[in-house]
Structure formats: structure tokens, C-alpha cells
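**Student:** Below, each chain spelled out in residue letters.
2 protein chains.
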Amino acid sequence: MTKTITLAQGNGGEENRTLISELFFRHLGNETLARAEDAAVLETRGKIAFTTDSFTVSPIFFGGGDIGKLSVCGTCNDLAMMAAAPKYLTLAVMVEEGFESRKLEKIVRSIKKELAVNGAQVVAGDTKVMPKGTVDGIIVNTSGVGEVRAEGVGAGNLREGDSIVVSRDIGRHGATIFAGREGIELESELTSDCASLWPMVEKILEAGVMPHAMRDATRGGLAAVLNEWAESSGVCVEVDEGALPVSETVAGICEMLGFEATALANEGTFVLAVRPEDVERTVETLRSFPGNEAACVIGEVTRSYPERVVLRSEWGTKRFMELPTGELLPRIC
Amino acid sequence: MTKTITLAQGNGGEENRTLISELFFRHLGNETLARAEDAAVLETRGKIAFTTDSFTVSPIFFGGGDIGKLSVCGTCNDLAMMAAAPKYLTLAVMVEEGFESRKLEKIVRSIKKELAVNGAQVVAGDTKVMPKGTVDGIIVNTSGVGEVRAEGVGAGNLREGDSIVVSRDIGRHGATIFAGREGIELESELTSDCASLWPMVEKILEAGVMPHAMRDATRGGLAAVLNEWAESSGVCVEVDEGALPVSETVAGICEMLGFEATALANEGTFVLAVRPEDVERTVETLRSFPGNEAACVIGEVTRSYPERVVLRSEWGTKRFMELPTGELLPRIC
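As given, the protein sequences belong to chains B and F, one line each in that order. Each residue of the first sequence is one higher than the one before, counting from 13 in the numbering used here. Each residue of the second sequence is one higher than the one before, counting from 13 in the numbering used here.
With the rest of the complex left out, here is chain B (with noise of 0.2 Å):
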């Protein structure tokens, strides 16, 4: 392979042949990629979830993960967040001309190694090169179908009674990647929560735990799930403060830069509205992941303040958990 990727290299052509086989294929090569032209044809059983997600983290390398390992687990965290098993990736790359290949490279065999967390495979595939200038570094767009394997998970079915639950501490990937733009010197290791999640819902159903909704914590962090589901479900989301786990490093930088760890995006924590018999379950199936030693009950649905999230602090005072709003961090994921 050449040492930097070249515009060649994205023709439709011989030598965009010679960099799927010798890049792409040869480390996510499988029977339905080599089958599949146009389009792959599979076979699915009952009903599907289907979705994507579009990557332009910066930097493309960061601790605990790196472009490839996130845009796997993106849209793998979206079908697990509708109790689908995933099962069929496509992966599209989006690589500016002059893009060391080995960079490529690594990128590649960190997606081959997060698909086999999934239990997933790429399907088909597009590799665009784009002209030095007009695209900062790769874009990496994957696009999932998994097998639904449990129903009745929405936004719109949290009930009053349930408990919220928060699969480990949150605000984690916004720090990180924040931090490492900003060239932040933190005293303890910081690492982006960037993992899949479908091994854990696969356990918490598997444990008969029948989740009301769940949703990855991603763009708009915390606060964002919160009050989509509070507005969906017509409820009131009462959380405790003092319960959200929050790592002290990105607590410190909460401090430092004026951010509500709430609003920090996340990828690889998970937010899930439970029936109060499976609160233990579901908080035990959790811890038994490693980095999940966190997981606990954040707050319960009330009817107090229909549509809203409210934040009752230690002291017993409350107040409104809003919605996001302006640009914390662009390119975060």
C-alpha cells in the first residue's frame, strides 16, 4: 500500500480495487462482504432496527478509543438501546487525500475488533477520498441493522414508580476529548467511556428484566435522554444529585471550565428507566462489567412537574434540569 492515501485511490478504478482488498477487506473480510455487490442480501429474523450515525471526532486518536472503536459502538449502542441485537454494518469512509495509511490501518483494525464485541459484521462498504483541503482528516459513517429481541423499550413508556438508572459515571468521552484538544495536564489517567453496550443489555434481558426504556447518553448528555423521555412520556424525572457518579478528574474539569457534567457527552454509558422489582438486577448485572462499578439508581418518575427533569440537591432544594442549549464542544463524536 502507498504510504499516504491518494485521490487514485477513491477512483471507482484499479487502484480504489486494490486499497478495499488490501485494507478493508482483508481485516473485515466475511462471506456476505465477499457476496455482496451492489448491495449486501441477508437474511433477518422478526423484526429489524435500523440506524446511523455519522464520526468527525478530533482528535481521531483519544484515551480509551479512537474513531474506528466509536463508530462502531455508535451505532451498535443505538440498536442495543432498542433491545436489538446488532447484527450488519455498513461502513462508509470519508479519507482526505495525503491521510497516512497506517493511520487508516489502525482505524480499521480497531473497527474489526469492536465488530467482534457486537457480535457484528460490515456488510458493504463506500470509500470516498476526498481532495486535500475539503475534509479534515476522515469522516467514518456506519449504518446497523439488528434483530429486535425484546419490545415495549421507548421513550414514551416510563411510568410512575419507575427507577432511573445509570449504567457507570458519566461525562467521561466530553471530558476526555476535551481535555486532549485543550491540551489539559490532568493529574489521574482520564479515558473516554467509549464501549459497546450490547453485551450488557443482552445480560439485563437475559436476568428477565423488562427495561421501560433505555438510551445511550451521547450528544446532550444526561440531561438530554432525561428530558426527551420526561416530554415523551408526559412524567416528571426526579433526580438526586448527590446519587449522579461523577469520576473526580471529570468533576475537576467540570469546575475548571464552567460545564454541568449532565450536558457531557458519553459513549459507552446508558441510561435506563426500571420497574422497581428489577432495580437490583439490572444495578448488579451492570457492576459485573468492568468500568460499570458505578452503575446505581440516579432517581425515580414522579407527576410533581409533568415534561420536566428536576434536580433535588443534598440540601432538599430543586430545581429545573434543563435541555442543552448553545455548542459545548463540536466535534465530540
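Treat the hints loosely; a few may be bogus.
No distinction is drawn between identical chains; accordingly, a pair holds when it is met within one copy or between any pair of copies.
Claimed, not checked - List time: in silico BS3-like cross-link candidates among lysine-lysine, alpha-carbon distance up to 27 Å:
(1) K115 - K15
(2) K124 - K59
(3) K15 - K118
(4) K215 - K124
(5) K115 - K144
(6) K124 - K15
(7) K125 - K115
The hints are simulated quantities; they were obtained by calculation from the structure and are not laboratory data.
Since the structure of chain B is already known, use the hints to place chain F on it.
**Tutor:** Coordinates of chain F only, in the frame set by chain B:
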């Protein structure tokens, strides 16, 4: 809506939700999209086809289409070429901060119009705003799921004696983009062939034709398709140079710039390999669609030079038609 797109409109918070509801949902809304959360839940029948494509064409608006129309045609055509009816699309837009909102709306309207031609819906989406200078204008990714209506269509299924049919005159998209970008003055109007192919494929299947292979001749042009077929099927494809339908304007541009029309990209032109007894119905059906009056047989499958494409001149001489190399033109689609 603001006059230009702002970074805040990609934040996952309030401004992002407003952009999505006022622009994307307003024009593309449907029941499935309304119910979709992190992913859309779908019921499909039988085998499905799944594909993806990213679009970065420059100029964004060109004779005969724009990036919106192109992004629906491109993905739906990939499904149609596998004899699959396009049903569900995802739409992921990456737009540069400062992009004009009315241009974005124009693109979304084109998307809506072309979806209707295919009988398809957008069921999930993603919107990211990139800081000024990190992407040139707009990039669109569409992924699609279709329902397979006929089996046995594939690059490896060509048989000796098959006729090679092309659906219309070739090279228009490539020539149009080139002329538009280079400011070439043309005596006659030239527009891209950009169009959705499913309506034609549907009619061909309804006419009882069972194509051995179908492929839209995008990047790499006719030459790339025929070379891939010859290789995959282990056959020789012999093409009559004099039978190739090329408009005078496209032929003129090719002569001026030293291109081969067979290597130019198309976005609404496809090639079929059909049994001799299906030729008449295939060509007649194609010609019944406006723009496709030049549909014709351009050659046949033989055993003379396995895995090669042979071009027969009008004087009886033969030469190989090679897979295109180098980069004719970046950002063609």
C-alpha cells in the same frame, strides 16, 4: 430558522432538535420516523438488501440534479441493482458551519421528491455541524434497506450467449460535473443522467425478464462494471464500439479532454446481462422511460478471452477495454 447553519444546531440539545423538527421532519416526516428513537424498528418481508454510500459531489447543484437527489438515487439504485425494492433509508448529513439554510432546505426537498419516485422513506437520521473549514460545504450519507424481489442476479452469473444491454447513453454525469466545474461553455445543453432506476427494474421484472446481472455504471463507468463481470463470471464480454450510445456533447467533451466515455461516471445508467430471448422485452421496457430512448444491446458474452473485456471497432479490429486507472475527477458523486 437561522439564515446559516450554526455549530449549536449540531449540539444534541435544543437547537439541534429544532433544526431536525423544522427541516428534516417537516419535509421527510412519516410514521416510522416519528416512532424512531435511537433506531427505527421495521418489519420486512423476505430477504433484504442493505447498502451505503457517501456523497461529496462538487458543485452541490448541477445540471439535472443536486447532492440531495444524488444521495437518494445512489443508494436506491444500489438496491435496485440487486433486484430489491428500496424501502427504508437513513440520512446522515454533515454540514459546514455557515452553510446557507435555504440551500440545505433545497437539498432536503430534492431528497423528498426522489424518495417518492422510489416508494421509499427516511426512517432514521443524523445531523452533525462541522466547524468552518473542516469540511467543504456538505457531505451526505444514505444507507438503504430494500426487499429482494428476484434471485439469481449477480456479477458471477453471466453465461455465454447473454446479451449486454445498456439503459441509455453513457457518460453524462461525469461530463456534466466536469463541464460545470471547469466552466466549459457548451453549445447544447448537457444534464446529468442522475435518476432512480427502481421503476425501470420493477417493470423489467414484471415483464418476466430474469436478468443474470445488473449494475449501475457509477465511478469507473461502464468499463469498471464490464471488467468486474468478466472477472467474476470467468467469461469474455465483447462490446461493439459502434453500438455504444454516446451523445454528441459527451463525445465532444471526451475528445476535447482525452477521456473515454466508457470510463466516465453515470448516476442513472445501468447495464444488464440478459438471455437472448429477453433482449427485446428488456430494451422495449427501458425505452418506454423518458431519457432512455437510446437503450440498446452493446455486446454479448463469449468465451474468446476469459476474464477480459474486448472492444470491437467498426473496422473489425479488437482491443481490450481496461479497468480505469488514475483519477479522472475527484468528488464526482
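**Student:** Give a verdict on every hint.
**Tutor:** Now the hints, each set against the structure:
Taking the shortest alpha-carbon separations for K115 and K15, only the intra-copy value of 10 Å comes in at or below 27 Å, while the best inter-copy value is 38 Å. Both within a single protomer and between protomers do K124 and K59 lie at most 27 Å apart by alpha-carbon distance, with minima of 26 Å and 25 Å respectively. When the C-alpha separation of K15 and K118 is checked against a cutoff of 27 Å, the pair qualifies only within one copy, where the shortest distance is 13 Å, while the shortest distance between copies is 40 Å. In this assembly of identical chains, K215 and K124 lie within 27 Å of each other by CA distance solely inside one copy; the values are 23 Å within and 40 Å between copies.
When the C-alpha separation of K115 and K144 is checked against a cutoff of 27 Å, the pair qualifies both within a copy, at 16 Å, and between copies, at 24 Å. Taking identical chains as interchangeable, the C-alpha atoms of K124 and K15 lie at most 27 Å apart only when both belong to the same chain, with a minimum of 21 Å there against 42 Å between chains. For the identical chains of this complex, K125 and K115 are intra-copy neighbours only, at 15 Å inside a copy versus 40 Å across copies, given an alpha-carbon limit of 27 Å.
When the structure is compared with the earlier hints, no violation turns up for any of them.
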